[in-house]
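Each chain, letter by letter, is given below.
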Amino acid sequence: MKALKLLGVAALTSLLVACGGDDMNSTLGEPIDGIDVGTAEDFAARVGAKVYFDFNMYDLKTEARDLLNVQAEWLNMYTDVNVTIEGHADERGTRAYNQGLGSRRANAVKTYLLERGVNANRIKVVSFGEEKPEAAGHDEESWAKNRRSVTVVAQ
Amino acid sequence: MKKLFFFFLFVLSVQGGHAKIFIDVNGGQLEPVPIAVQVFEADKKSLGQKAKKITEIIENDLQNTGLIRIIPKDSHIANDRVGNFPTYADWKVCGAHLLLQGRLYEEDSKNMRLDFYLWDVGAKKQITSQALVSLKTNERRLGHITADAIYEVLTGEKGYFDTRIVYISETGRNTSRIKRLAIMDYDGENHKYLTDGRVLVLTPTFQPGMQKIAFMSYYNNVPRVYLFNLQTGKQETIGNFPGMTYAPSFHPNGKNIILSMDIQGNSEIYDVNLETKERKKLTENTAIDTSPSYSPDGKSIVFNSDRGGSPQIYKMNADGSGVERISFGDGRYFTPVYSPKGDYVAFTKIKGNTFYVGVMLPNGEGERILAKGFSVEGPTWAPNGRRLMYFKQIPDANGFDKVRLHSVDITGLHEYEVKTPQEASDPAWSPLLP
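So the sequences go chain by chain: A and B.
Just so we're aligned, residue 64 is where the first sequence starts under the working numbering, counting upward by one.
Just so we're aligned, residue 174 is where the second sequence starts under the working numbering, counting upward by one.
Careful, some of the hints might be misleading.
[Claimed, not checked] The calculated lysine-lysine pairs, modelled on DSS-like cross-linking and capped at a C-alpha distance of 25 Å, are:
1) K524/B <-> K208/A
2) K575/B <-> K208/A
3) K283/B <-> K218/B
4) K195/A <-> K124/A
5) K575/B <-> K195/A
I should point out that these hints are in silico values taken from the structure, not numbers from a laboratory.
With these hints in hand, go ahead and build the complete structure from the sequences.
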């Protein structure tokens, strides 16, 4: 169901219904109760901001591409919204090297969104290196959460 | 007890043709040399407290080296007065190889003067006597300068006590750290915050002339290298760059800065002239090229690059030519820093999930690990090139990691934690103060 939800185009609505219909309200462009479409809340509730990477890598995995396809679709639907893509690294590098690595990841996401038709001047990138971990721990589970990009909708 | 002999002779002078090296800072000296230090005398009662304070500062400096051991005062037998020959036999009984004495004078209305005398107890000879002057308000510097003079006489190497450290002070949970630029004396005293923590700051470094600090700041969420002017307290940019700039360090001339600039996910190394803003691109490839460091003669640059697949240390000429990889050990190598003498390159290495700080020769040979741990990172050199500082992270199960500064000499034998008010990372050691 998750992948289908992310695909979320109008044409797939019937498919979602066929699958049980529990994700009916997730379709892009249709308002969820109490959330205005095209807002940061809408993006968070319906699309999802985070893409994860393998250790010391910045190529986009299948799950990442799936999510970015929906991000691009959402961005192409609300063309007055700008985003900042944050690039992050886990702690197993030095501060300087991880600045570069975070930038690679953020730019890989930006490049993908550009290929999906999003205008370049709507996307800023910023690398936070290893400075803003999502998980505070020091194990593979935490590191996997910290090797990420976050697409932040400008308020 | 012999009478006054050299009392006026050595005022404002340096005495002693000290060819003999008492302490070898390069070899593996395991046993610290025992020194007896008599609390310095004060020529005026009003200087008594300062004289005592200066004695303690010097003792702390010497003891920090790990090469010298201060003999406890309660085992002193003799109580000699400055101006007389020491009662050598008594000092020998309490185990002293060396004896330090001093007397503090009022030089004029503003300044004080310390005359100190260093004796070789075994050889029954004076090693040196010197007179040093400072403002009356500056007993810490007078202590450090005196300790530097003693260190130089004993080791044949310049001292490093009259120096400062700029670093990043950290508070809060791992996931929401507050980071502030902070500065202090090398021993943690005279601590001062330079930024208020509202903006994320990283990787400070001193300009050779000590007027400015270069550092990375996320001001307006745009990560860039800035200069902090220590005289005015003002921050300035180093010019308008199209991408993120990071990992700054200075050319030994103090006028140029070398750093990484990242454009669209590709980091290259640039040299920037701070006066003309002219910039030279020194690398050209798709790798992350970062953490550049000039050799003390300005002719060579060591840097970090993953152009070969994993992060390693490379060396190139100052114009970007002649690139060669120098790290070939087992692991990933980062943050190369040329020693101020040019004889070593310090580095961070990661193998498995363990971090190491070490030194190698500039050709990559002779690797020596000085510290290891869950995370040890970011070595910086004392100006004499015989000691380093780095930061060490201790994991915390509740997400409040401890991060502390540590200092270790190039033998790896003499290590201690540097006290800071909060957690501390990214240290940079200053040159000797001007």
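(Q) K283/B and K218/B were given as a pair; does the straight-line alpha-carbon distance stay at or below 25 Å? (A) It holds: about 16 Å lies between the C-alpha atoms, which stays within 25 Å.
Q: For the pair we were handed, K195/A and K124/A, check the Cα-Cα distance against 25 Å.
A: holds (22 Å)
Q.
Hint check: K575/B vs K208/A, CA-CA at most 25 Å. Holds or violated?
A. Distance of about 21 Å is within 25 Å: holds.
Q) Hey, K524/B versus K208/A, does the alpha-carbon distance stay inside 25 Å? A) Answer holds: K524/B to K208/A is near 21 Å, not above 25 Å.
Q.
Between the alpha carbons of K575/B and K195/A, is the straight-line distance 25 Å or under?
A. holds (16 Å)
The structure is consistent with each of the numbered hints, conforming to all of them.
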